[in-house]
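Quick mapping for you: the protein sequence lines, in order, are chains A and B. If you read the first sequence in our numbering, its first letter stands for residue 1, the second for the next number, and so on. If you read the second sequence in our numbering, its first letter stands for residue 1, the second for the next number, and so on.
None of these hints come from the bench; they were simulated from the model. Mixed in with the good hints, there may be bad ones.
Identical chains share a label here; the pair holds if one copy fits it or two copies do between them.
[Said to hold, decoys possible] Keeping only pairs whose Cα atoms sit at most 20 Å apart, straight-line, the calculated SDA-like set for lysine to any residue is: (1) 54 to 166; (2) 54 to 126; (3) 54 to 175; (4) 106 to 238; (5) 235 to 47; (6) 235 to 150.
2 protein chains.
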Amino acid sequence: MNALRGEDIRAQARSGRLTVPTCGLAPDFLQANLVIVPEGLAGDFHRFCRLNPKPCPILDVTEPGAWEPRHAAPGADVRTDLPRYRVYRRGALVEEPTDITHLWQKDFVAFLLGCSFSFEAAMQRAGLSVRHLEESCNVPMYRTSLPCSPAGPFSGPLVVSMRPLTPAQAIEAVVITSRFPQAHGAPVHFGDPLAIGISDLARPDFGDAVTIRIGEVPVFWACGVTPQAILMEAKPEFAITHSPGCMFVTDLLAED
Amino acid sequence: MNALRGEDIRAQARSGRLTVPTCGLAPDFLQANLVIVPEGLAGDFHRFCRLNPKPCPILDVTEPGAWEPRHAAPGADVRTDLPRYRVYRRGALVEEPTDITHLWQKDFVAFLLGCSFSFEAAMQRAGLSVRHLEESCNVPMYRTSLPCSPAGPFSGPLVVSMRPLTPAQAIEAVVITSRFPQAHGAPVHFGDPLAIGISDLARPDFGDAVTIRIGEVPVFWACGVTPQAILMEAKPEFAITHSPGCMFVTDLLAED
Chain A
1 MNALRGEDIR AQARSGRLTV PTCGLAPDFL QANLVIVPEG LAGDFHRFCR LNPKPCPILD
61 VTEPGAWEPR HAAPGADVRT DLPRYRVYRR GALVEEPTDI THLWQKDFVA FLLGCSFSFE
121 AAMQRAGLSV RHLEESCNVP MYRTSLPCSP AGPFSGPLVV SMRPLTPAQA IEAVVITSRF
181 PQAHGAPVHF GDPLAIGISD LARPDFGDAV TIRIGEVPVF WACGVTPQAI LMEAKPEFAI
241 THSPGCMFVT DLLAED
Chain B
1 MNALRGEDIR AQARSGRLTV PTCGLAPDFL QANLVIVPEG LAGDFHRFCR LNPKPCPILD
61 VTEPGAWEPR HAAPGADVRT DLPRYRVYRR GALVEEPTDI THLWQKDFVA FLLGCSFSFE
121 AAMQRAGLSV RHLEESCNVP MYRTSLPCSP AGPFSGPLVV SMRPLTPAQA IEAVVITSRF
181 PQAHGAPVHF GDPLAIGISD LARPDFGDAV TIRIGEVPVF WACGVTPQAI LMEAKPEFAI
241 THSPGCMFVT DLLAED
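Same shape as in the complex, but just chain A (with noise of 0.2 Å):
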């Protein structure tokens, strides 16, 4: 076990102290994406995570107006807890605190979503490299022609992220992340991007391009940014989520 615990780095962040990534931090704890959103859309959202468990594999869902995740992380609080948070109005993104204590409303209802940190630190355990982290920069995402099961005003493509491998690596990769169904679980997709709706591996929509080399092929996990971006696509009143990178971490453990 790593020295630091999840709740360390929410009272680091609490605290002010932490105002970046948490990629990295408390590896044995399982990270969680944030999506908050006022309870008339909470039942749709809370729908669509449960029709699409491989993008949005839910960690836990709050009561209307309580800031604190009872199962995930009892006694935290979503206000305060992560390094960094991103309001959107409409859609658009009009504000990036730390702190989102004055913005609390007593209808919001908190959604932690699993995150593909965890698994990364397993398949860096194994010793299979995660070319990104290599690289020093963010995992690169792609939006796919692959649907995700619409619930209320929430539909849209499935999110990708993508991380080279060959295929001996890429097989154990798959044994590995099979085991973190709370963190994306298996891979949906692998080789020809074109297969899946993807026109250029050098573009892609979110994150960074990384070095595909020579006897790898690319392979494709449900990313975390799916339902934030079907949530944006939706364009409600208020909403509020972590910023990218800036992640809840929880008291699960990773490996349960």
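Based on these hints, arrange chain B on the given structure of chain A.
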């Protein structure tokens, strides 16, 4: 559970009623490749199997002269319980009997090594088609450029079996077969055949070619023909194996 058990199939083989391949019979039980060599070679062969567990997963090894595989099937008799055998002298096939009691020697050691029939049954239960079963032919097998770890006189290339699948099916097949380490486990390669020294998929070294449809990639698993091919290369004075497809059906549950 399917009604038929390992002992039922062995009894049919022992009585001479079953003289054809065991594929699909008693699918809940692990089936095994059989290799019998004199004691003088058994130590090196045992070491070879232990060094190469993906092509040679050891299910049982008998004591010299004993015909009962006490771990895999107590009470069974490897001299009579397979539908058909192959007898080799100096690496040349000389006979294909349905019983080898008359050939038994006091220094014989029998090896039972896992085979792919078990994981194919699990793939089919998950709704994945297995092309050579669909096309009612033998699985295509290829010599690769991947060397096995040598032991004594035993050395040579890994032989692989190939099943074409779409990428999404291949990912599912990796997850499923990784749960069967006693039946070769997860694949060793997918995609470009040349990367592992296979020049023409239409011309397998053993078995039959199968159709690869548009959108499918070839997926390669370590194959139980590997130890047989390597044994024959070593040209031992005397060796006995199962006849292709005519396996020893154990009492070990496939899903354990």
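field: Hint check against the structure, violated hint numbers in rising order
entry: Hints that this structure does not satisfy do not exist here, as all of them hold.
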